[in-house]
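S.K.: Numbering (the working numbering), first residue to last: 439 to 914.
Calculated from the structure, these hints are not laboratory results.
Note that this is a predicted model, so its numbers are computed, not measured.
Hints are not guaranteed to be accurate.
[Said to hold, decoys possible] Heads up, simulated DSS-like pairs for lysine-lysine below, C-alpha to C-alpha not over 25 Å straight-line: (1) Lys-853 to Lys-697; (2) Lys-466 to Lys-796; (3) Lys-468 to Lys-853; (4) Lys-538 to Lys-701; (5) Lys-853 to Lys-548; (6) Lys-554 to Lys-468; (7) Lys-466 to Lys-547; (8) Lys-853 to Lys-466; (9) Lys-898 to Lys-697; (10) Lys-554 to Lys-701; (11) Lys-796 to Lys-536; (12) Lys-793 to Lys-853; (13) Lys-548 to Lys-536; (14) Lys-468 to Lys-898.
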Amino acid sequence: MNPTLVLVLSSAVVLSGAALFSFWIGRKDKSSESWIVGGRSLPMYVVAGSQFATGMGGGVLVAHIGIGYSAGWSAITYNFLYSIGIIILVLLADWLKKQKFSTMPEIFKKLYGENKLLMSAVTFMAIVVPFGWLCTQLVAFGNLFSSISGISFTLLVFIFAAISLLFVLPGGMTSVAWTDFIFGCMMLIMSIVSGFYILNLAGGWSEISSVVPQSMIGFPEGLGAVGMTTILFWILAIFPGALTNQMSYQRIYASKSPKVAKKAFLIAAIVGVIAGIWASFMGITIFSMNPSLENSEMASGWFLTQIPIWFMAIYSAFIIATIMSTVSSAVQSVVVNITKDIYQSYINPQVSDNKLLKMSRIMAVVVIALSVLLALYYPQALGWLVATYAYSASGLLVPIFGGFILRNTNILSDKGAIGSIATGVVSAAIAQMMGTQIPYVAFGIVGSLIGFIVCNYLFKDENAQYKNEKDETRLG
Numbered sequence: 439m440n441p442t443l444v445l446v447l448s449s450a451v452v453l454s455g456a457a458l459f460s461f462w463i464g465r466k467d468k469s470s471e472s473w474i475v476g477g478r479s480l481p482m483y484v485v486a487g488s489q490f491a492t493g494m495g496g497g498v499l500v501a502h503i504g505i506g507y508s509a510g511w512s513a514i515t516y517n518f519l520y521s522i523g524i525i526i527l528v529l530l531a532d533w534l535k536k537q538k539f540s541t542m543p544e545i546f547k548k549l550y551g552e553n554k555l556l557m558s559a560v561t562f563m564a565i566v567v568p569f570g571w572l573c574t575q576l577v578a579f580g581n582l583f584s585s586i587s588g589i590s591f592t593l594l595v596f597i598f599a600a601i602s603l604l605f606v607l608p609g610g611m612t613s614v615a616w617t618d619f620i621f622g623c624m625m626l627i628m629s630i631v632s633g634f635y636i637l638n639l640a641g642g643w644s645e646i647s648s649v650v651p652q653s654m655i656g657f658p659e660g661l662g663a664v665g666m667t668t669i670l671f672w673i674l675a676i677f678p679g680a681l682t683n684q685m686s687y688q689r690i691y692a693s694k695s696p697k698v699a700k701k702a703f704l705i706a707a708i709v710g711v712i713a714g715i716w717a718s719f720m721g722i723t724i725f726s727m728n729p730s731l732e733n734s735e736m737a738s739g740w741f742l743t744q745i746p747i748w749f750m751a752i753y754s755a756f757i758i759a760t761i762m763s764t765v766s767s768a769v770q771s772v773v774v775n776i777t778k779d780i781y782q783s784y785i786n787p788q789v790s791d792n793k794l795l796k797m798s799r800i801m802a803v804v805v806i807a808l809s810v811l812l813a814l815y816y817p818q819a820l821g822w823l824v825a826t827y828a829y830s831a832s833g834l835l836v837p838i839f840g841g842f843i844l845r846n847t848n849i850l851s852d853k854g855a856i857g858s859i860a861t862g863v864v865s866a867a868i869a870q871m872m873g874t875q876i877p878y879v880a881f882g883i884v885g886s887l888i889g890f891i892v893c894n895y896l897f898k899d900e901n902a903q904y905k906n907e908k909d910e911t912r913l914g
């Protein structure tokens, strides 16, 4: 049977079934709150599955397997750092749920007060990571399926992007989270199946270990085979980036209770590390069979050319489920910022619930179209992940957690937050352009911390007066 036909048929089965479920879920509650935060009532297993599926996505299939191919068990290190960030977010769950936030800018509004410049800056920074992830998934899908179908990379990106709207438009967060849960279950099952299959294909672990360098597969050296410079970059970008990813915050907002959010995130963190083990194993095994690939990110694509038609049909469904879960989540997250933090906050504060839903669906189409253009312009999956994490961490990490720690004091100032974001992003950009040996995100975080301290100190008296006046108004 023709590989392209197999690809089309397996894709059609998975996507049509999930899309029908998405429309069914979307019909149950058509309120804007359901679209934005899932009605704040999602159960633990859905939150855990959605967080896991969204966090892993096509990055695991392309970038992380690529890490395993070139640097052994280092993909575990990558996922471990991300999981630590997820676990730390658990510490904020009670406060976040109590405040009934919907987006990242609302956190800043609570901590620093109303300031249009600050809200605009935070809205832009909140969009950076999910938009980067969105481009990553489109690149991942195009790279993987173009190698087995013969269909052009560009056409595949367009098709997949259009189909992703079927999982966002019906119910926003509600339909995205529930389909993510289903996709997450598929991912776990297929990880096990594909792991055993490729182990047998490669001739067993003894054969693999006889070919692959010990520096890649030994413990603990394999965990650091990617090099200390890269690991330092990950520590300063991936870990902090996980702490500033709005998609994770949204799943806390959408959970039924703080307790549900905490348990779900702990489960997602553990499963995330397991996914890193799987990605490293897949990359190592592919390396043992073909160590001469010019680009490590093509390892997954090469593997697809080595499997029989029947397994390709199953594995194709796995790929689609993995990538689609992150694409739909990223689109929804970006759209919420645009409609909630820009349109409703500043353009049309009196917008009706139905009008907000309509605007959300229109913006979903606009966002996916723009992401396609950017993915075609810069088709590097890992590059999108690292860059978006780095700038998000540079701008948001310090003012979020610094503000949370100091939230009950008179030290915080809206100008302090603006200064922290500005110095963080500018410092990171300058360091990146200079090509420093130290990861540029380190300069961004340090610059943000300096800006946070200096600007909050310079404007602390002004902010103290503002808070006193606010307290007097409330008491009066």
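S.K.: When the hints from earlier in the document are held up against this structure, which numbers fail?
M.R.: 1, 3, 6, 7, 8, 9, 10, 11, 12 and 14
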